[in-house]
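Line by line, the protein sequences are chains Y and V.
Using the numbering used here, the letters of the first sequence map in sequence onto residues 1 to 220.
Using the numbering used here, the letters of the second sequence map in sequence onto residues 221 to 955.
One thing to keep in mind: the hints can contain errors.
Claimed, not checked - Only part of the chain V face toward chain Y is listed, based on derived beta-carbon distances under 10 Å: (1) Tyr-226; (2) Glu-373; (3) Val-382; (4) Gly-383; (5) Val-646; (6) Met-647; (7) Asn-718; (8) Ser-778; (9) Leu-812; (10) Ala-816.
To be verified - Listed next, the stretches of chain Y that the computed footprint assigns to chain V, with coverage defined by at least 3 CB atoms under 8 Å from CB atoms of chain V: (11) 45-54; (12) 201-209.
Derived by calculation from the structure, the hints in this document are not laboratory data.
Just so you know, even glycine gets a beta-carbon here, dropped at the ideal spot from N, CA and C.
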Amino acid sequence: MKSAVIVFPGSNCDRDMAVAIEQVTGSKPLMVWHQEHDFPSVDFIALPGGFSYGDYLRCGAISARSHVMDAVVKRAEAGVPTLGVCNGFQILTEAGLLRGALMRNAQLKFVCRDVTLKVENADTSFTNSYNADQEITIPVAHHDGNYFVDDETLARLEGDGQVVFRYSENINGSRNNIAGVTNAKGNILGMMPHPERLVDPALGGKDGRALFESVLASIG
Amino acid sequence: MDINKYEREITPDVVAEHGLTEDEYQRILGALGRAPNMTELGIYSVMWSEHCSYKSSKIHLKKLPTEAPWVICGPGENAGIIDIEDGDAIIFKMESHNHPSYIEPYQGAATGVGGILRDVFTMGARPIANMNALRFGSPDHPKTRHLLAGVVEGIGGYGNCVGVPTVGGETNFDPSYNGNILVNAMNVGLAKADNIFYSAAAGVGNPVVYVGSKTGRDGIHGATMASAEFTEDSEEKRPTVQVGDPFTEKLLIEACLELMATDAIVAIQDMGAAGLTSSSVEMASKGGVGFLLDLDKVPQREEDMLPYEMCLSESQERMLMVLKPGREAEAEAIFKKWELDFAVIGEITTTGHLQLKFGGEIVGDMPIDSLVDDAPEYDRPHTATPKRDNIDVPAPDDMNAAVMKLIGGPNLCSRRWIWEQYDHMVMADTQQRPGGDAAVVRIHGTNKAIAISTDVTPRYCFADPVEGGKQAVAETWRNITAVGATPLAITNCLNFGNPERPEIMGQFVGCLEGLGEACRALDYPVVSGNVSLYNETNGTGILPTPAIGGVGLLKDSSKTASVPFKRDGDMIILIGEIKGELGASLYQREILGEDAGAPPRVDLAVERKNGDFVRGLIQSGAVDTCHDISDGGLIAAIADMAIAGSNGASITLEAAIPIHASLFGEDQARYLIAAPAEAANDIIQKAEAAGVIVASIGMVGGDKITVNAGVVELGLDAVRTRHEGWMPNYMKAAN
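Given only the sequences and the hints, what does the whole structure look like? Please build it.
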């Protein structure tokens, strides 16, 4: 499986993402710098966490307008599985690939800890290796993870199975405790929790591993 | 711009405003053979300041042990370096940012983190862990909440954004810090032992290059400068606290490491305190060369900046480098890629002087030697702290209530509220997260890990500086041992009051004596450090606070131990002797409201014997549960292990010593371990054979913590609620 990790100025989970992808898929991903206009064909694109452009203006807003995003949008819309984690999720919403927005956490503080997530839809390219309704432990680390969408969109996301991960408690004020959503087609996933941080049991768990195994399985 | 209109007559008042004594001014006249201009006076004042020159502390710091076979670089460079085998080196240092953090807690703390990061990556390391040691005033003081909230947010705001995990630290409260909090930030980085960068400039004619952020007027040494009289334009006054930009720092880290992968750099140094001045003077001094700087080429953020301002600005996220000739374009391309300023601002000369050009004219010309080697050095008078007697400390009225009050109080409660605001997992190598004895961070791509701990017990240092100094070193050593790592070296951050008062200087000298003694006894040298004096408000000093940051190595990170009880039925084993020492204990202070008596004695031979024994058990895989005993004594350690493991404990203690002294005594050199019964018997036999005092004191299990069938009996849920609840409840409450 060929993967690409997109690197923006201020990305800081790019290495973590690359390590996780390599550990699960066995091959090193391509690291693609934000100024590239295009990059070789890949089976999977990951937008890592971090503070791209220092979170200035709005989290993810400047990165969403960088050169490389034209190519990312084109590939994602053509169906390439695309994952955005944390700042990557914020970039995907700012780029219009996912609905909704990530606002400042309701408690107004950065929060870093393990959280329990429920797998709401185990029938996507990112979750087929989990069981439906499985409870998993994945860490969060964010200041702006409070997911907001309007009522109508929320109903559609819920109704169409686009809500993939849900927090088991209200950790940041997200509507319906949404932790991860896909686009209608299901090939683009944005999530605030960091699956790449719990792939190696030495770090306290491996519930993140199945997400990358799912992608690998769906690519075949 | 005509800078002459900003020149002032150097009167005794102007000299005093710069924090220089009349004697020191005479030295400047002697060094220059003429009167300095304002720019030169400013430069001498910062270079000869306590902060840059260590003039009060130098003669005492020289007594500390700084060598061991694994030390690659000791004090004197930007940070200390130790060898962790396989070609890997660990670079680390701790530094204070106390005064700025009191004035503006968010930016003060944030730039403290930024500064210490630069000290580490300037030597060629990728920063891999942040730590800190924080001291605040009484929780009842009206400013404490605001300061705690701001400092924690600032540390998180900077560390989280640069993507370096903040993996641990310590936080204490004491009224002596009411007007002078302590914010000590430590950073640890990983480098290749054969690719380390130093600051000594070399190569006449080589370009001096400025990279990073532009220079503004922030941080110009306002503490000593009544700037109203300096320029007539009051608009130009700026707060003296620097403003950090962690995004730029992240880019700077990546750009510097990218350039360091080439061989274009001759020398590199971050611009920290006293900015461009101290970095160029230090680089020139170490290399025995001169610098000619053209200040017009310095990237500037504000208009009409004067030489004085450019030289003394402490704008953040800046570095100074000497490149090999002809490598400028290659280096510039890297910095442009990361969208950072890059400017050749000068060259190395043979003059041995720092020469400053501005508007085509020389506006400053000072012998480098006079700025560094001729800086004043003082052997200030010091009086030793009178020894305290051992005293009997009475029992509490209600044992259960006393335990609850201690572990649910400000100094022993859970710090979760703090560390959940820090990204402690980014870089995906954090093997033991905050809340344990030491943070454990894996060396990326290997099975090795380093263990890091910051500690000091200022109560002890106040009661007996020598014993307190020893204890601070021993406690980091013990914490590192408790996770199974081999302690290798320390950095320190020596926070004291006004050194011109003999009793404060006595605390400093005493603490250093203890510190040195412990370092020697434990083969645990000092490789870097920082001194912060004048931590006083209205003539009252802080408790002497020599914060220690220790680093150790776990060769096999799968063989480690952690605090939580892990299995029902495990035997609880105490390593070390119960003496019941309650002088200067947390119990005495928090429950009885007193501070009297001698603090616990530190027997370094016993410390070493017990620690080596425990480490051996962990490294052999026989023990996976361990906690050192410190503040709050045995009962506090039991509570930590029970809460973390969600498993109770029943403890039985012999009656030879009053039970409250057994429970709350802070006797040193002690650990609690837990192991299944069969292994436990083996451990006890081995301990006895090794001459280590050992006792089986109880068993893991149940939902209570009990001692001697009812002397203490507390439900674990209630204990957890108090322990976890204090800080969030305190922060929620209004003043």
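Hints, verified against the model:
1. Tyr-226: With a minimum Cβ separation of about 35 Å from chain Y (threshold 10 Å), the hint on V:Tyr-226 is violated.
2. Glu-373: Hint on V:Glu-373: holds, closest Cβ of chain Y at ~7 Å, below 10 Å.
3. Val-382: holds, 7 Å
4. Gly-383: holds, 2 Å
5. Val-646: With Cβ-Cβ at 6 Å, under 10 Å, it holds.
6. Met-647: Hint holds; V:Met-647 Cβ to chain Y Cβ min 7 Å, cut 10 Å.
7. Asn-718: violated, 37 Å
8. Ser-778: holds, 7 Å
9. Leu-812: violated, 36 Å
10. Ala-816: violated, 40 Å
11. 45-54: Contact hint for the region 45-54 of chain Y vs chain V: holds, 5 residues under 8 Å.
12. 201-209: Since 3 is at least three, the answer is holds.
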